[in-house]
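**Q** Taken in order, these protein sequences are the chains called L and E. Per our numbering, the first sequence starts with residue 3, numbered consecutively. Per our numbering, the second sequence starts with residue 3, numbered consecutively.
Worth double-checking, as some hints may not be accurate.
[Unchecked claim] Calculated cross-link-like contacts (lysine-lysine; reagent style DSS-like; alpha-carbon spacing at most 27 Å):
hint: 1; chain 1: L; residue 1: K41; chain 2: L; residue 2: K105
hint: 2; chain 1: E; residue 1: K198; chain 2: E; residue 2: K108
hint: 3; chain 1: E; residue 1: K224; chain 2: L; residue 2: K228
hint: 4; chain 1: L; residue 1: K228; chain 2: E; residue 2: K217
hint: 5; chain 1: L; residue 1: K265; chain 2: E; residue 2: K255
hint: 6; chain 1: L; residue 1: K209; chain 2: L; residue 2: K330
hint: 7; chain 1: L; residue 1: K70; chain 2: E; residue 2: K224
hint: 8; chain 1: E; residue 1: K217; chain 2: L; residue 2: K265
hint: 9; chain 1: L; residue 1: K105; chain 2: E; residue 2: K30
hint: 10; chain 1: L; residue 1: K265; chain 2: E; residue 2: K108
Hints were generated in silico from the structure; no laboratory data involved. Owing to the predicted nature of the structure, the values given are computational and were not obtained by experimental measurement.
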Amino acid sequence: MFLISQENLLKSIVNINQDFPVVMPVEGEKKYLLKYFEKQSWDIDLWSFAAIRTPQPLKSYYYPATQKVAVYPLEKKEEDQFVPLVIIGSKACDIHALQIIDKVYAQGDYTDPYYTKARKEHILITTDCLEAGEFCYCTLMNNQPYPVKDFAMNISSLNGNYLIEVGSDKGKMTLEKYFRGYKKAHESQIKQRNKRRKEIEETVQEKNKEFIYYRSHQESIEKHLKSPEWADLCKTCVECGTCTQICPTCYCFLLFDFPVEDKFERIKVWDSCFFAGYSRMAGGLTPRLSLSERFKNRFYHKFDSFVTNFGIEACTGCGRCVEGCMGKIDLRQVLHELEKRIVLKETVDLT
Amino acid sequence: MESIYQPIPTKVLEVISETPTIKTLVLKPLREIHFRAGQFMQLTIYGIGEAPFTPSSSPYDTKQMEITILKAGYLTEAVHHLKAGDEIGLRGPFGKGYPLQKFEGKEILVIGGGVGLAPLRALLYSLFHNLDKYKRVSIKYGARYPSELSFHRQYQEWQKLDRVDFECTVDSANVNWKGKVGLVTELLENTDIDRKNAYAVSCGPEIMLKFVTLKLISVGFKADQIYLSMNRKMSCGMGLCGRCNIGPYYLCKDGPDMNYADIQHYPDVFG
Chain L
3 MFLISQENLL
13 KSIVNINQDF
23 PVVMPVEGEK
33 KYLLKYFEKQ
43 SWDIDLWSFA
53 AIRTPQPLKS
63 YYYPATQKVA
73 VYPLEKKEED
83 QFVPLVIIGS
93 KACDIHALQI
103 IDKVYAQGDY
113 TDPYYTKARK
123 EHILITTDCL
133 EAGEFCYCTL
143 MNNQPYPVKD
153 FAMNISSLNG
163 NYLIEVGSDK
173 GKMTLEKYFR
183 GYKKAHESQI
193 KQRNKRRKEI
203 EETVQEKNKE
213 FIYYRSHQES
223 IEKHLKSPEW
233 ADLCKTCVEC
243 GTCTQICPTC
253 YCFLLFDFPV
263 EDKFERIKVW
273 DSCFFAGYSR
283 MAGGLTPRLS
293 LSERFKNRFY
303 HKFDSFVTNF
313 GIEACTGCGR
323 CVEGCMGKID
333 LRQVLHELEK
343 RIVLKETVDL
353 T
Chain E
3 MESIYQPIPT
13 KVLEVISETP
23 TIKTLVLKPL
33 REIHFRAGQF
43 MQLTIYGIGE
53 APFTPSSSPY
63 DTKQMEITIL
73 KAGYLTEAVH
83 HLKAGDEIGL
93 RGPFGKGYPL
103 QKFEGKEILV
113 IGGGVGLAPL
123 RALLYSLFHN
133 LDKYKRVSIK
143 YGARYPSELS
153 FHRQYQEWQK
163 LDRVDFECTV
173 DSANVNWKGK
183 VGLVTELLEN
193 TDIDRKNAYA
203 VSCGPEIMLK
213 FVTLKLISVG
223 FKADQIYLSM
233 NRKMSCGMGL
243 CGRCNIGPYY
253 LCKDGPDMNY
263 ADIQHYPDVF
273 G
């Protein structure tokens, strides 16, 4: 663990930006916004240590909203246009989201070559959260507001200075090559960091104390698989698809082909399970025709079938879906309601 | 970067008209494609897109492949405009295919509806290739009209095979029709199939699959003796794009032929 002054940290980021484009949060009017900076374009005046995650998920830098994945008929292989990025200031929930996506895109029989390449090449310099965001609920999803693994480096803010934790060989190399003026941290400073982490974790827990779950979400959903309750839970949904587009773990896509000059291109474009056309087949048959069926499917996928298939829930507790929903649907509340309704039904059955 | 989304250029050698709405493409891919019965291909019409189809030819014929397609939508409309010499793309094969080892020593009841006989034809070729391994192959086929019976030219040759029987029916007949009239489920009512020692395999429209399943259960089949070729929209074919699930199963990698016992308790199995 190392200690670095703000001045030296910012100089180090400028150094990194000499060789790599960087993706970093900047301070917006009300929120921190995630921005992309070309090589040699980031300036120390733009520095802000984002207190919480940005509204934009990281996924656009790992699988963009539209991505060319094939040109055909193929005569010769296209030049590889991949550009490695250094992503600075992501939070624990962002990293957790990538671990969830890995299960599908990087660890199955077929792996997405673009995603796995980005996963291998991008350098992640994460940061601790400084507060509990209005919509944050990572602690409900068995996470915490500070990264514990799967980063190159993690930076914690400490009384005007910063603590650097190296998490991988790539992080070690980045530290040695681009960082200047850092020294070994004292045990007391690490203790202080851990104390702050604990405090913020408790703030998130405190904020979410009305949502304590007594059963697994999988059980809550399994017991509602054929129940009509979903229509009630999604009655303010306007099918805009925001929750899926902004969710850092939603990965559904559609392959779309079109002609370009004398060739054809295939793009992979984000899709949303909230749209009726998502599952509509030739002849018009649509397995999930009603909104409530689609709404149920989203919860079923994240908290039930994903657990069956991969052993983890596909939610990080980042709260983006809650923040973005114009129907004011709160995922925490939906899970809470599902559980409440089971208990209610069981009580009625008993009496 | 080797793209899993890249189609293999494929020549259309011949287009066979099976019925007014069904055509069989005889295809020669740039490189040999090996598939097992029940596995499917993603077929690309250049500039229009991809859709999943199960080959209708023998998996043992690796030089060329046949795919039989009903005109049902935007892409299949374009398929029906293809002529010999045109080029298309293929990706795959994808999916599990039929559990042929499990079928050994059993009576296999093969039930097709309309163009649903096409994927089953690849299965039939596989079964016929090692016919002595199976106790019996009983084929029941239904179409709406006599003009919509596909692979008409082959029924006699199938019937001549040892331990193979074939029966077909149409929903609605014209005066020239000498065969049975009625739904394919009626052919399942009085079969002499040994229910305890059999598997039923079915492919067709969802509404037909539903009633075939109900009929099979009512004549004594257990859910785990029934394999259904399920239909869902697919895009990637590899379990990545997210849309073809029935419960936790993704038809593209866990199917598309599903054991009914695995899926029966999930909502919307039959659309």
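**Q** Find the hints from earlier in the document that the structure breaks and name them by number, from lowest to highest.
**A** 1, 5, 7, 8, 9, 10
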